[in-house]
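Student: Construct the complete structure from the given sequences, taking the supplied hints into account.
The lines below spell out each chain.
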Amino acid sequence: MGRGLALRSVNSARSAYACFLFSPLFFQHYSLDSVSEQDSETIRCQLLIKSILPLFRCLTSIERNVERCQISISSPNGRVMVQFFCRHGITKTHNLCFLESEALQAAFASHLCPNVLKAPARLLGDIVMHFPVSQEEITLSMSPLRVSLRNYNEGGNDHVRIMYTEMSLHPDEFDYFQIGVESDVTFCLKELRGLLSFAESHCLPVSVHFGAAGKPVSFSVEDMVLEAIVVLATLIDSESKGLSQPAEALAVTPSRCAEAAVLPVGECNRSQTQDVPAVMEMIASSQGSPMIHTPALMLLLPQADGLSAADEACATTSPASSTICSLLFRAVSSQQADGGCAARLPVLACCSDGEEED
Amino acid sequence: MPLSTQSQADDEQYVLVASLDNARNLSNILKAITFKDHAIFNATPNGLKVTVEDSKCLQANAFIQAEIFQEFTIKEDSVGFQVNLTVLLDCLNIFGGSTAPGVSTALRMCYKGYGHPLTLFLEEGGVVTVCKINTQEPEEPVDFDFCSTNVTNKVILQSESLKEAFSELDMTSEVLQITMSPSQPYFRLSTFGNSGNAHYDYPKDSDMMELFRCTKTQTNRYKMSLLKPSTKALALSCKVSVRTDSRGFLSLQYLVRNDDGQICFVEYFCCPDEDVEEE
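Protein sequences, first through last, are from chains A and B.
My numbering puts the first residue of the first sequence at 40, with every later residue one more than the last.
My numbering puts the first residue of the second sequence at 17, with every later residue one more than the last.
Hints may contain errors.
Now the stretches of chain A that chain B is said to cover, found in silico as 3 or more residues with beta-carbon under 8 Å [stated by the list, open to error]: (1) 92-106; (2) 124-135.
Here are the simulated lysine to aspartate or glutamate pairs, EDC-like style, with alpha carbons at most 16 Å apart [as the list claims (entries may be wrong)]: (3) B:K72 - B:D186; (4) A:K89 - B:E184; (5) B:K148 - B:D106; (6) A:K89 - B:D106.
FYI, nobody ran anything at the bench for these hints, they're computed from the structure.
Virtual Cβ for every residue (Gly too), placed ideally from N, Cα, C.
Tutor: In structure tokens, the structure reads:
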């Protein structure tokens with residue numbers, strides 16, 4: 040592309056999407072032969088990850104031996120050529136066939152997300168480190184007074200035997216904190232770890248955009264020469280009924296996140312959006328910057344709108360955690376809050392003396 | 017040492033006696049050619065040659081000169097037998113193959129001749145084990161008729177550079193193609209796998225290239241499955257010579273230094289795959 044080289048992938052359940060965009064400045068040399076593709080000088084090709092990943096697998100040996108790497112795409116031949124010019128004059132050339140080209144973009148307007156966080160590079164990595172590697176899903180909760188991350192477990196029957204981990208952060212820990220709607224979003228942690236370690240290694244802050252449960256959450260980093268984003272589907276509130284539901288709601292698909300709102304990922308010609316007005320190309324460069332938002336979204340206290348969102352959000356918390364939360368809530372305040380959290384997110388560690396109830 | 021207290025009378029019966037203070041000097045080399053169960057041993061006054069073959073298309077030889085052994089006595093011009101190489105290696109490592117410094121297994125290998133088992137006396141830390149391995153009629157190793165006069169192309173490379181290439185080779189490729197030429201690309205290894213092809217080029221003036229003597233451009237393909245075992249020898253070696261002759265037969269010779277810094281050789285011969293046009 041004229042804007043650079045974009046590498047995108049989506050998982051088979053279509054619940055996780057990643058895109059890394061390297062601007063031409065990232066490279067020592069970047070040239071696009073304009074007599075190639077039909078539409079606006081964009082070449083698209085699709086490679087099997089298992090073809091290209093092994094070439095870059097052994098990072099230490101690459102660092103030690105490779106002096107220069109050249110990637111060329113030749114559309115007429117259907118080939119991508121990756122050449123490594125190594126020490127001692129050795130050259131390694133890999134010609135990979137590409138599969139039929141198709142565009143891959145997730146329709147997600149990050150600048151329309153009500154909730155935005157920007158965390159320093161290591162913050163999220165340090166938090167995520169506390170969750171066991173086997174932990175599949177975590178829940179990110181945001182309220183005006185705190186942000187928390189906790190593990191998510193379906194199947195409430197065994198909840199007494201699972202270890203719960205929760206970390207809360209004060210808004211001041213973030214470089215940027217904007218809350219439009221209080222929400223809990225639950226997503227797959229595994230797919231995020233790669234981006235977080237990338238961010239840490241490049242010392243880039245991570246921006247998080249999300250809304251109510253069920254809407255996707257995005258994690259992105261950017262600097263002068265590259266932008267990277269991972270968009271993950273979040274669980275919809277399918278188990279408001281209680282413990283008996285989870286088995287059906289999060290059924291037999293290999294990834295539980297598949298039951299979540301499937302990301303509208305598809306051909307860029309079709310606009311497959313949910314309630315986003317237009318198809319947005321996620322990497323629309325810094326112009327669709329998350330920093331721009333309408334004043335109406337700057338809600339620091341839940342209001343009437345926030346109420347329904349909070350309801351929805353409450354329902355998505357796993358029965359177990361809402362039980363625990365509501366127990367603590369009862370302990371803190373003398374009020375009898377019901378299981379539905381009385382339209383208020385269970386706030387654990389705040390000075391809720393029952394005053395600001397609505 | 018217990019091994020040397022064996023009676024002289026016993027020694028008279030043996031046609032071959034070979035002793036090593038460190039059995040690893042033998043077992044390490046043998047590991048480099050263990051891709052089949054059986055090995056043909058041939059001992060001459062010059063030393064020991066161990067041969068392993070695969071389907072008459074691949075042959076690996078390990079040479080351990082007489083000088084490597086602390087004792088090497090042979091009563092005939094040539095002593096040959098065949099044994100199960102896996103069993104032999106298990107015996108050589110019978111004390112567990114410890115890598116603690118200063119601890120090594122001493123070996124005394126004795127053979128009485130045709131029809132007798134191969135007897136191994138192994139000692140470590142005062143404990144002696146005697147192993148007797150049945151021998152078989154030695155088969156005649158295939159003579160690839162590879163002589164230096166027919167060699168069209170020869171290069172000697174430092175193993176370091178080839179080790180990486182071989183570890184990265186695309187295993188979905190059925191063949192490994194070797195191109196040697198007095199002109200570009202000089203020395204090239206190519207694979208043709210499921211996702212595409214790959215080429216590893218070594219120019220003739222590379223630091224890794226110790227000798228480059230190519231007279232004509234040749235491209236030959238060899239079955240990957242046959243050459244795969246040679247990576248074990250490559251891993252042990254510090255230098256490798258690659259030669260092809262006019263028929264396209266491949267000879268790989270590996271220079272291996274053992275624990276004591278002595279030099280041994282391992283050699284692989286491979287037949288080319290059916291004639292193909294250059295890609």
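Student: All the hints need checking, so say for each whether the structure fits it.
Tutor: Hint check:
1. Note: the region 92-106 of chain A has 4 residues with beta-carbon separation from chain B under 8 Å; the three-residue rule is met and the coverage holds.
2. Counting residues of the region 124-135 of chain A whose beta-carbon sits less than 8 Å from any beta-carbon of chain B gives 9, enough to reach three: the coverage restraint holds.
3. This hinted pair does not check out: K72 of chain B and D186 of chain B have alpha carbons roughly 25 Å apart, beyond 16 Å.
4. Our distance criterion of 16 Å between C-alpha atoms is met by K89 of chain A and E184 of chain B, whose separation comes to about 14 Å.
5. For the given pair, K148 of chain B sits about 12 Å from D106 of chain B by alpha-carbon distance, which is consistent with the 16 Å threshold.
6. The hinted pair formed by K89 of chain A and D106 of chain B fails the criterion: a straight-line CA distance of about 38 Å is larger than 16 Å.
When each numbered hint is compared with the structure, violations occur for hints 3 and 6.
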